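Student: What follows is each chain in one-letter form.
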Amino acid sequence: MKKPLAFFSLLISAITFSTAQEVKFEEYDLDNGMHVILHQDNGAPVVTTSVMYHVGGKDEDPSKTGFAHFFEHLLFEGTKNIERGEWFKIVSSNGGNNNANTTMDRTYYYETFPSNNLKLGLWLESERLMHPIINQIGVDTQKEVVQEEKRLRVDNSPYGRVFEQVSKNLFKNHPYRWQTIGSLDHLASATLEDFQRFNEIYYVPNNAVLVVAGDIDITETKKMIQDYFGPIPKGAPIERKTYSEEPIKETMNATFNDPNIQIPLILLAYRTPAQTERDAYVLDMISTYLSDGPSSKLYKKMVDDKKMALQVLAFNVAQEDYSTYIVGALPVGENSLANLKTEIDEEIEKIKTDLISEKDHQKLINKFENDFVNSNSSVEGIANSLARYYMLYDDVNLINNQIDIYRSITREEIKEVATKYLNTNQRLELEYLPESKNAQ
Amino acid sequence: MKKILLSTILCLSVAFSFAQIDRSKQPEPGPAPEINLQEAKKFTLNNGLTVMVVENHKLPRVSIQLNLDNPPIFEGQKAGVQSLTGSLMGKGSTNIPKDEFNEEVDFLGATLSIGAQSAYASCLSKYFPRILELMADAALNPNFTEEEFEKERDILLTAIKTEESDVSAIASRVQDVLAYGKNHPRGEYLTEETINTVRLIDVEQFYRDYFVPANAYLIVIGDVDFETTKALVTTAFTPWTKATPPSLDYSNPAQAQYTQINFVDMPNAVQSEISVQNLVDLKMKNDDYLDALLANRILGGGAQARLFLNLREDKGYTYGSYSGIGNNKWGPSTFRATASVRNAVTDSSVVEILKEVDKIIDTPVTQEELDQAKAKYVGNFVMALERPQTIANYAYNIETEGLSDDFYKTYLERINAITIEDVQQAAKKYFSANNSRVVVVGKGSDVIENLEKVEFNGKKVPVLYYDKTGDKTEKPNYDAAIPEGISAEDILNNYIEAIGGKDKLEAVQSYALTAEASMQGQTLELVMKKSENEKFLQDVRMMGNSVQKQVIDGDKGYTMQMGQRKDLTKEELDMMKEEATTFPELNYLLAGDVAIEGVETIGDKKAYKLKISDSKTAFYDVESGLKIQEVTVQEAQGQTMQATVKFEEYKEVSGIKFPFKLLQSAGPMNFEFTVKDIKVNEGVSDADFE
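In the order they appear, the protein sequences are chains A and B.
If you read the first sequence in the working numbering, its first letter stands for residue 7, the second for the next number, and so on.
If you read the second sequence in the working numbering, its first letter stands for residue 30, the second for the next number, and so on.
Don't read these hints as lab results, they were simulated from the structure.
Note that the structure is a prediction, hence the values are computed from the model and not measured.
None of the hints are false.
Derived pair list, reagent style DSS-like, types lysine-lysine, alpha-carbon separation capped at 27 Å:
#, chain 1, residue 1, chain 2, residue 2
1, A, Lys313, B, Lys107
2, A, Lys307, B, Lys190
3, A, Lys228, B, Lys87
4, B, Lys127, A, Lys306
5, B, Lys54, A, Lys86
6, B, Lys458, B, Lys384
7, A, Lys228, B, Lys54
Please work from the sequences and hints to get the whole structure.
Tutor: Put into structure tokens, the structure is as follows:
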């Protein structure tokens with residue numbers, strides 16, 4: 007009995023494996039501790055150069071939040087060899103794109119160029135790390151810009167403060183309790199020395215991974231990397247604090263009023279394990295099961311059949327230390343938030359008591375396979391995945407085999423994980439309301 | 030000989046590779062990479078559907094896009110019919126019930142959506158045949174039901190409701206209304222009323238009229254084989270009945286006659302949304318199309334363009350400022366220079382954006398700017414080749430925009446040939462600083478005052494006011510606006526708290542005040558005494574003689590003017606009694622009949638206006654809570670007289686704040702009393718009120 011089964015599953019994996027494109031890569035360390043990952047794909051004349059630094063909102067001093075994100079702005083101000091204001095000009099006048107982004111866990115910078123400008127990309131990123139100029143004028147300018155960014159993305163944006171409200175309630179000790187954008191007051195009062203110190207600690211080669219992906223020649227690229235990044239001195243080892251949270255044992259209730267919305271929103275949020283844990287993958291599947299696509303359970307029931315919700319949502323905010331799992335809905339017309347909650351809970355309870363159907367299970371796997379194929383469709387995307395898997399998952403091979411983890415998740419596991427984490431007494435119930443109305 | 034030379038070169042290159050690179054110099058680009066423009070393969074069905082196939086086998090996936098290249102549709106009183114048609118499409122077909130249909134698409138891990146004039150699907154290539162079948166079935170045999178219709182209508186109604194306090198949604202609506210007018214397909218918008226006018230039969234009619242193959246293009250991209258795809262598509266789409274959509278006429282929008290600010294007030298805005306816009310008639314096939322793109326690129330096409338460098342990098346007004354120029358083969362589109370800025374710099378941002386638009390029209394761009402813009406277009410063109418969609422887009426544009434077959438093959442050449450003069454010509458033709466509409470949506474109470482002062486090229490820019498639907502309206506009057514969430518009672522309590530608190534006020538049995546004012550060189554002396562049990566004395570004296578005196582003692586009272594005494598009638602007494610107390614606000618609170626009438630600006634302060642009685646109103650500072658003005662209206666011999674008292678310079682006496690300056694005005698007479706002395710719980714005896 008055992009043998010044919012094994013044979014059968016081998017056959018399946020052989021078939022499914024052939025559907026995925028393998029991303030080939032090579033990795034090594036420079037003497038200064040910088041990790042390098044190369045991916046060659048000569049299909050189109052495009053190359054991405056990127057650096058991910060292991061510094062994010064969670065590395066900040068609680069009285070100086072917003073620093074990591076602020077650096078994402080500050081480090082475009084100029085370097086010893088790149089005058090202030092020239093960065094974007096250099097990139098665009100060579101036909102490239104560039105951008106950067108910050109999360110609570112890491113900061114990421116990248117340039118994508120036609121492949122004859124690989125050297126330029128390496129020069130830019132090595133300059134950023136080797137001699138950034140952090141002066142008062144840059145700090146003052148970027149303080150204003152960050153304030154505007156917050157107004158645009160958070161204060162003026164409908165539902166813009168959902169994450170702020172969820173995080174603040176779910177995390178009591180961990181820096182995940184604040185937002186990447188941080189406090190404008192902290193930034194306003196921060197001194198030039200504060201910023202310079204932050205740079206010295208975190209912007210060092212031993213805290214970074216460099217990725218070059220696209221239309222390259224491996225040998226030449228290695229040499230260029232040595233030329234540009236080799237001379238950068240190694241920094242002191244980074245001491246990281248660890249924070250842990252007490253388990254949530256009683257339902258937390260909160261309300262928040264957002265002046266930019268008309269339709270209230272009920273959110274149920276759970277604190278869940280780090281993104282590297284197998285349980286986090288299972289929760290990913292659960293959120294897809296609940297709310298991804300018109301035949302997902304919550305959408306089908308609440309939006310389609312009962313017409314009580316305008317939209318349902320479920321997502322897993324995967325992070326390095328803890329994740330956050332959020333389920334929610336927006337009511338249609340006079341449906342109360344309490345009713346929406348009851349309906350959501352009913353579906354969660356079902357996952358905890360019964361196994362999901364085999365067909366639904368296969369459907370989930372098909373969906374994840376589709377996402378997996380699409381996730382590696384550009385060199386820019388591949389570069390980002392390589393950096394992320396190295397830095398935050400400690401396993402670059404996930405770029406090719408993360409799908410196997412999803413494939414291996416059983417129906418029984420889905421039930422177990424839902425039972426373990428998705429309990430009423432382990433969550434925040436947040437009523438996110440328009441300004442003028444009280445709780446419904 | 031040869032050998033020696035070779036080894037010397039080798040040595041040299043080795044030596045070179047060990048030399049330090051010169052970091053101070055920006056690396057030069059290598060030789061330009063080779064461009065390979067793949068061709069899309071095409072065929073046409075008898076019903077008119079054109080099919081384009083781009084094979085790309087890098088990833089095992091396929092995307093299918095159906096576009097109906099119909100002229101724009103004006104929906105008018107039934108605005109929403111197109112959107113509702115779109116929502117009802119793709120919900121199964123007359124052959125497959127909705128749930129089964131969704132279930133199957135989801136099960137295959139695919140996405141499939143059908144709009145009012147489009148369709149899109151993507152899937153792994155192994156599921157392509159089935160997904161293509163499902164797409165054609167749902168597109169050609171839609172399952173319109175009353176039940177789904179009502180559901181989608183409710184969802185749409187709820188969705189437009191969410192827009193009402195969304196500043197950027199309102200901004201984009203008003204920008205379109207003002208650019209194109211409400212009687213234009215691009216200017217009309219959905220309202221609750223128009224949505225409620227739409228019936229299911231309208232949706233069915235819309236589908237029959239417009240979902241037809243005459244202008245239809247089906248684009249298949251990815252891991253497919255042309256011949257197989259041709260066979261599959263032919264089978265799936267041959268049943269589509271040949272037809273052409275109706276063509277409609279609509280009004281042609283007009284350029285603004287002069288540069289003006291069009292302001293929309295949204296009190297919840299924390300930022301202003303600015304759009305400096307004008308109409309343009311730009312088509313891709315125009316000879317100066319690429320010139321116009323470069324001009325826009327230099328002005329506001331990214332983080333190194335003038336608008337960004339000025340408004341963000343230099344001034345820090347905004348997170349980003351950009352411009353965009355549209356093109357449309359059917360009619361006008363818009364040029365827009367936009368920014369979301371903080372309230373305080375709204376006026377300055379408007380001026381800076383106008384300046385930049387004016388400058389690029391008036392002054393040639395620099396060679397450096399032009400070279401940079403070109404490099405950006407070249408780079409984007411090269412890098413776009415990574416996406417198989419690019420090849421499909423190119424083929425589609427050539428077909429639908431009437432472009433020459435070599436439009437993209439000669440693209441880089443033509444970009445490189447553009448001169449500074451070409452850019453300025455395009456800027457002159459397509460951008461306007463003299464016929465510009467500056468649409469600003471923001472918090473009026475914070476920004477209007479300065480916006481009305483905006484000058485551009487030495488002239489004042491007029492501000493016209495619009496409501497959230499783009500209709501002309503009056504300038505918002507903040508004097509009349511009553512804030513939510515505050516009651517008359519709150520205001521009175523705030524005042525009581527501000528001057529010392531209820532406990533302290535209630536501990537006051539009496540107080541006496543003397544003040545002085547000057548009138549035509551003479552000194553006027555005011556004595557006022559108040560005591561518990563409705564005792565009140567006010568005596569105005571000149572050179573020691575009483576000129577006017579009022580006395581109230583419980584149920585009786587009199588006035589004395591120039592020595593003539595007159596007893597108060599019961600009515601007069603009732604009216605004045607409320608004042609005849611140490612702190613009348615304590616009585617107003619008890620009476621509970623005081624009403625809030627609005628917020629007005631008194632001097633440089635905002636104050637709540639409370640109606641105390643038919644003849645009296647009082648104003649309390651919004652910030653400090655203190656009473657800053659009272660207005661009394663009196664009827665005398667058929668004439669209405671208004672008397673105003675302003676209270677200033679509050680100072681503490683025995684723990685209670687009293688105003689030390691009283692400015693009285695009645696008709697043409699103005700007195701400024703300065704308080705000399707205030708005594709609390711002393712200096713008052715019952716005899717004073719006799």
